[in-house]
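Peer 1: These are the residues of each chain, in order.
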Amino acid sequence: MISLEAHNLTVAYDKVPVLWDIDFELPTGKIIGIIGPNGSGKTTLLKTIMGLIKPASGYVKVFEQDLDEVRQRVAYVPQRESVDWDFPASVQDVVEMGRYRKNSLFRRLTQTDKEIVANAIEKVKLTAFKDRQISQLSGGQQQRVFIARALAQGADIFFMDEPFVGVDATTETAILDLLTTMRDEGKTVVIVHHDLQTVSGYFDHLVLLNTRVIACGPTAEVLTQENLSNAYGGQLTLLSKIQSIIKEKEFPIREKGFEKR
Amino acid sequence: MNNLLEFFSFTNPTVRTVVLGTVLIAVCSSIVGTYTYLRKRSLVGDVVAHAIFPGICLGFVLSGSKNPIFLMLGAIAAGWIALVLMDAIVAKTKLKTDTAQAFILTFFFGLGTVFLAYIQKSGSAAQTGLHDFLLGKAANITQFDLAVFGVISLLLILLVLTYYKVFKLISFNEDYAASLGYNVKFYRFLLTTMTVVAVAVGIQAVGVVLMSALLITPAATARLWTHKLQHLMLIAGIFGALSGIFGAYVSYAAVNMPTGPWFVVFLTFFALLSIFIAPKNGILSKLKQKRINANKINRENVLKTFYNLMEHGAEQINTQLILEKRSFVPRVLEATLHKLKHQGLVQRKGNIYSLTEEGMVEAKRVVRLHRLWELYLTKRMNYKEDHIHGLAESMEHIITPEIEKDLLKELDYPTQDPHQSKIPY
Ligand SMILES: Nc1ncnc2c1ncn2[C@@H]1O[C@H](COP(=O)(O)OP(=O)(O)OP(=O)(O)O)[C@@H](O)[C@H]1O
Ligand SMILES: [Mg+2]
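Residue numbers (this note's numbering), protein chains in the order written: chain W, 193 to 453; chain F, 59 to 483.
Source of the hints: derived by calculation from the structure; they are not laboratory data.
Every residue, glycine too, gets a C-beta built ideally from N, C-alpha and C.
It is possible that some hints are incorrect.
Said to hold, decoys possible - Quick list of in silico lysine-lysine cross-link-like pairs, DSSO-like style, CA-CA up to 27 Å: (1) W/LYS322 with F/LYS154; (2) W/LYS246 with F/LYS154; (3) W/LYS222 with W/LYS253; (4) W/LYS306 with F/LYS286; (5) F/LYS223 with W/LYS322; (6) W/LYS306 with F/LYS223; (7) F/LYS354 with W/LYS246; (8) W/LYS239 with F/LYS344; (9) W/LYS294 with F/LYS98; (10) F/LYS150 with W/LYS207; (11) F/LYS243 with W/LYS253; (12) F/LYS286 with W/LYS294; (13) F/LYS463 with W/LYS322; (14) W/LYS294 with F/LYS152; (15) F/LYS467 with W/LYS317; (16) F/LYS152 with W/LYS239; (17) W/LYS317 with F/LYS344; (18) W/LYS239 with F/LYS150; (19) W/LYS322 with F/LYS150; (20) F/LYS383 with F/LYS344; (21) F/LYS407 with W/LYS317; (22) W/LYS315 with F/LYS286; (23) W/LYS315 with F/LYS223; (24) W/LYS246 with F/LYS383; (25) F/LYS422 with F/LYS437; (26) F/LYS243 with F/LYS354; (27) F/LYS243 with W/LYS239; (28) W/LYS207 with F/LYS422; (29) F/LYS223 with W/LYS294; (30) W/LYS207 with F/LYS154; (31) F/LYS152 with W/LYS246.
What the hints assert, rightly or not - Residues of chain F placed beyond 12 Å of chain W at every Cβ, according to the derived structure: (32) VAL224; (33) ALA235; (34) THR473.
To be verified - To give a feel for the contact side, a few chain W residues facing chain F, derived at Cβ under 10 Å: (35) LEU218; (36) LYS222; (37) MET242; (38) GLN257; (39) ASP276; (40) ASP285.
So that you can see chain F by itself, here it is in the shape it has in the complex (with noise of 0.2 Å):
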């Protein structure tokens, strides 16, 4: 509890340092990845994050230090001569992208741990640490790390906002790109070098073997809540940021604790959240919708039903005389009942309940939209008229003003359905 109440309150500089690293590193990583994602080279992600580690031992090893600086020179050296061996597999053989994807994956990543094998036997002081980028260890961020780190994010973030409207040009259509003029080869070269050079320093915080989590999840989650680009980038960064504070507070307060697993564990934690709560897409909001649905259908019944009894000269309506007339759950129909009377659409007097003038409008509607639809099929659709019923039922509680409009034009604003009842306006 202490630990909490120590790292959330941000007074420790070590934790400020920490925090602000990995939280810059997050948003970089998420922004960055938001194009990599929308330009479908998730995979490509994974490829470099792998491939660029037996670069970072490389650079251990020709520096003889775990210089931030040379670290990351030969992790974008490595990721970068991936990508090239990947095309030119592609480009010169007969294998598939996701077969040469494997191969350099796992060639890389296999020379990688042989390098750590090797530097670890030599049994040099400064290696201690250096399999920390296997899966992350944001409490390790020293300040210069932050310096170089922070810095470099930064630009990434700055350049992603710079050229933002010809990423997403280039994103959704890069031959139309092309056709305006527009150096795609370059900006493909740009987008390419931002993601080797957001993974070579993303790693310091999630480690390499879950580097493409940070990159596409925060992106494939904002998804879910947003139609819009800009804002795709700004909520991507969000959970990221989110996903950094509370790895790096594990990996602050458990000593030998990897940040990496935890960052996609938080991640993880908001995609299945998002799952449920998002806007329109989510699983809440979908039941939601299907119950607002239910009662609109249950009150547009009700209303019909007392529309239908007073057609056929009922005066004095009761619950008893509508559940005669059509089957509801009793308990249903109270509530519906209660809720028509507090819209004003049905008044009532003891057990004997009536429309109000609002309430028979709107009952004609309904009424009206069923045998318009009626007349629809059986006119326009050559369906028979003992077929028809059960598709008006349905249908009346979704027609829009505006196809009522389309199909009264198109019927030319007949006054009676196919079973000869009249056609309410």
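Only chain W is shown next, with the shape it has when bound in the complex (with noise of 0.2 Å):
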């Protein structure tokens, strides 16, 4: 089954296209990376998806309903940078408001809604934290709680803008560890990366965007030295180091005469 569809899809700021007539679909229950160099449209394509960004044309659809059909099932983790962690909350507030529901104003929380929060602060290990005002977290934690909010959401399919930048090795793994239980419950991930070197442990499912969709399917076979000269071209020096990191993890190379050459 198909969990994102984007058709004919263009971005533009101040009419400059930042996206331009891509066309890509996500398989369901995949932990899914979006990678490309700086300024390739990541973080746009993300904002589109979630309906933050009005497309110049094209659409997205989302388990083939229009976004606004299926919010109850998206999730959404933004960039942690984007908002001011000085903000009079604790961790509990931050993640109740995965419950808030727009067309339920006055509703209070209920028992079930505690529990779910409760669940989801379990999760990311922040428990012992879920009274503490957010200032005082590390990066790291704030990440989880991020998202945590998204998991008391209780979607399907989730969203997240570079969730590993700021956060530690071992933070790292626990939230891979998490994702990769979330897939196993057959949810949908999709993540904003930067970071080339864990890219084939981390994603089974990529999309290489530079502007365009440069290649979209399995994380083996649009991991080749032909796609990321695409997507990074022209950046001799970033290529060469990528070339190495290719050789040293031994991706699968899809041209057989490669050694020779």
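With the hints in hand, could you dock these two chains into one complex?
Peer 2: So this is what it looks like as structure tokens:
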């Protein structure tokens, strides 16, 4: 089944297209990476999917429906730096936001809501910190608060913008374990990511982006030298770095004659 | 003195009107202002306040009266036009927000001053008092004003309470609110409108020049007292109300005194006071924490010295011996020993001190932490043995039982520190 479909999608800032007529489809129940160089439109794509930016043309469908039809099933984890963490709120307060519903302004949180919230906090291992003021958390803990808030929504598909930035290795592994569990429960996780080194270990499926979709498919098929040089093309030093990574990690290379050349 | 009594007994109906009016206005501005502050729109409040001035003058000219309803309408219209123009400037030119704000603020305020000069020249009878909008004159609030402003203020407060959850969500994370399907544009519009209205009402009491203080200072002050949004609104409201009462009193007692400056004096007084005495963030509580820490360090150092002396076979321990082992200010040592005795950690016979059973446990704990940390530094962080003592000296007072547990596990319950001294359990 298709979890996300982008069709003829063009997004522009001040008439300068940042995403240019892109088409792709994503499968369900996978951890999916969106990768590409700086300024390639990854954040823009995520915001367009979430309806925060109106596309100039084309559309996005989630679970083959308009976003508004399936909002309940979609959770968004914004970039951590996009908010002021000095805001007067506790971990609990923020995670509870995941239970807010636009059509029930005055509804108080029910016992079930409270349990879901406690459960989400537990999953990201922040129970000991649940009454802590959010400004007094480390970067990695703040990131986990955002993930817990998304978990509390009880969604089926998650869109996360750079969740591993400013997070230490232990937390990164912990988050990844959590994501893997979620995938195994049938959830779909879409992650904007920039660290090429970890790509092959983390993702089942990739979208390689640079204004256009360079490649989209299972990780092994997308991570070819040709695709990477198309996406990161022109940046020779970077490219050579990537090539060495490819060699080091022994990515499967599509062309058989590669060694001889 | 008579004044003071008469005012604060609230028997005089004029006084009651003025106080009630000022308090309502102040509470409303403080609560609405909480969101202006949290959304980092502090300067926008200032722009709106100044931009409203020509609107009031125009409202007066068009209606020919000082009827607050017309003045309010003029004010709100002007406030909105200013905001729209400001956004247009930012969107259509290369000017940054702060430049656009400065430009709009001065332009509108200048325009208002010109209008006022014109109105005063035309010598209309009702114009006396229009300049009170510059610096505010709470004492001029009439019964009718009170009715109008009171209703508006209550309405605004009610709106904030109604939409509390959404406003909180939007102020913290607009994008996320939008992703949940909230109509962020509408709520942003609502909040901005509420700010404009709150400012239009607030200038009755403080005037346009100092209005942004009434919007922002209460929330900024309250922030020093709490980490919770509900409490923040409550405390901001209280500071606003108190300043309002005092401001109204000054306005009542001294006939020609404008309210605004006094309002701000009291607000600032509360802000300064909070900087000193607020819990956790206040200077006083920081000093107190420092003293508590210093006492803890002294006590633990004395206990440790006891342990060290006993480790080297000392039996009759007096102050002399302690001072030979470790340098203390003698007076501080006396005081600390006294406290330890009081806590039942140390007992005294004549001049001789000894540890009680509890004191021994505590002394061992301090020594243990010290030696564990030394071991950790050499084993895990590759420090040389002659560097670690000083570092461990401060850490022994800081390490909590949880960290101790982790340390023990990490080091696998060692028995000897790097200097081959026994680690006591
Ligand atoms: N609000 C905006 N107005 C105008 N241009 C923008 C805006 N936001 C982004 N852009 C431009 O759009 C392009 C894509 O930006 P986007 O943030 O989507 O890139 P990204 O792939 O997320 O980059 P990064 O890896 O640096 O996060 C960039 O060239 C950027 O300069
Ligand atoms: Mg980005």
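Peer 1: Against this structure, judge whether each hint is valid.
Peer 2: Here is what the structure says about each hint:
Taking the CA atoms of W/LYS322 and F/LYS154, the gap is about 39 Å. The hint is violated against a cut of 27 Å. Between W/LYS246 and F/LYS154, the direct Cα distance comes to roughly 24 Å. Compliance with the 27 Å bound is thereby established for this hinted pair. Under the criterion of a C-alpha separation no larger than 27 Å, the hint pairing W/LYS222 with W/LYS253 is consistent with the structure, at around 17 Å. Among the hinted pairs, W/LYS306 with F/LYS286 is consistent with the structure: their alpha-carbon atoms are about 18 Å apart, no more than 27 Å.
With a C-alpha separation of about 19 Å, the suggested pairing of F/LYS223 with W/LYS322 holds against the 27 Å cut-off. With a CA separation close to 16 Å, the supplied pair W/LYS306 and F/LYS223 stays within the 27 Å bound. Distance restraint check for F/LYS354 and W/LYS246: the Cα-Cα separation of roughly 60 Å exceeds the 27 Å cut-off, and the hinted pair is therefore not satisfied. With a C-alpha separation of about 43 Å, the suggested pair W/LYS239 and F/LYS344 falls outside the 27 Å cut-off, and the hint is violated.
Only pairs whose Cα atoms come within 27 Å are accepted, and W/LYS294 paired with F/LYS98 is accepted, the gap being roughly 24 Å. For the hint linking F/LYS150 to W/LYS207, the alpha-carbon distance of about 14 Å falls within 27 Å, and the restraint holds. Only pairs whose Cα atoms come within 27 Å are accepted, and F/LYS243 paired with W/LYS253 is accepted, the gap being roughly 23 Å. About 23 Å separates the Cα atoms of F/LYS286 and W/LYS294, which keeps this hinted pair within 27 Å; it holds.
Straight-line distance between C-alpha atoms of F/LYS463 and W/LYS322 comes to about 22 Å, which keeps the hinted pair within the 27 Å bound. Restraint check for W/LYS294 and F/LYS152: not satisfied, since their Cα atoms lie roughly 36 Å apart, outside the 27 Å limit. Restraint check: the Cα-Cα separation between F/LYS467 and W/LYS317 comes to about 21 Å, which is no more than 27 Å; the hinted pair holds. Restraint check for F/LYS152 and W/LYS239: satisfied, since their Cα atoms lie roughly 25 Å apart, inside the 27 Å limit.
Our distance criterion of 27 Å between C-alpha atoms is broken by W/LYS317 and F/LYS344, whose separation comes to about 31 Å. Taking the CA atoms of W/LYS239 and F/LYS150, the gap is about 23 Å. The hint holds against a cut of 27 Å. For the hint linking W/LYS322 to F/LYS150, the alpha-carbon distance of about 45 Å lies beyond 27 Å, and the restraint is violated. Under the criterion of a C-alpha separation no larger than 27 Å, the hint pairing F/LYS383 with F/LYS344 is inconsistent with the structure, at around 32 Å.
A threshold of 27 Å between alpha carbons decides the hint, and for F/LYS407 with W/LYS317 the separation of about 52 Å lies outside it, so the pair is violated. In summary, the hint linking W/LYS315 to F/LYS286 is supported, as the alpha carbons are separated by about 24 Å, within the 27 Å threshold. With a CA separation close to 25 Å, the supplied pair W/LYS315 and F/LYS223 stays within the 27 Å bound. Of the supplied pair hints, the one linking W/LYS246 and F/LYS383 is violated, its CA atoms being roughly 75 Å apart against a limit of 27 Å.
About 22 Å separates the Cα atoms of F/LYS422 and F/LYS437, which keeps this hinted pair within 27 Å; it holds. Pair hint F/LYS243 plus F/LYS354 does not hold up; C-alpha atoms about 54 Å apart against a cutoff of 27 Å. Of the pairs offered as hints, the one joining F/LYS243 and W/LYS239 holds, with about 16 Å between alpha carbons and a cut-off of 27 Å not exceeded. For the hint pairing W/LYS207 with F/LYS422, the CA-to-CA distance comes to about 72 Å; that exceeds 27 Å, so the pair is violated.
Our distance criterion of 27 Å between C-alpha atoms is met by F/LYS223 and W/LYS294, whose separation comes to about 10 Å. Note on W/LYS207 and F/LYS154: the hinted pairing holds, with a Cα-Cα distance of about 20 Å set against a maximum of 27 Å. With a C-alpha separation of about 23 Å, the suggested pairing of F/LYS152 with W/LYS246 holds against the 27 Å cut-off. Not every CB of chain W lies more than 12 Å from the CB of F/VAL224, the least distance being 6 Å, so the non-interface label is violated.
With a closest Cβ-Cβ approach of about 8 Å to chain W, F/ALA235 is found to fall inside the 12 Å limit, against its non-interface label. Separation of F/THR473 from chain W is adequate, the least Cβ-Cβ distance of about 29 Å exceeding the 12 Å criterion. For W/LEU218, the shortest C-beta to C-beta distance to chain F is roughly 18 Å, which exceeds 10 Å, and the interface hint is violated. A distance limit of 10 Å between C-beta atoms decides the matter here; for W/LYS222 the minimum to chain F is near 21 Å, and the interface restraint is violated.
Restraint check, W/MET242 versus chain F: the minimum CB separation of about 5 Å is within 10 Å; hint holds. Look at W/GLN257: its Cβ only gets to about 14 Å from chain F, farther than 10 Å, so that hint breaks. Because the smallest distance between the Cβ of W/ASP276 and any Cβ of chain F comes to about 7 Å, under 10 Å, the interface hint for this residue holds. Of the supplied interface hints, the one on W/ASP285 holds, with its beta-carbon coming within about 8 Å of a beta-carbon of chain F, less than 10 Å.
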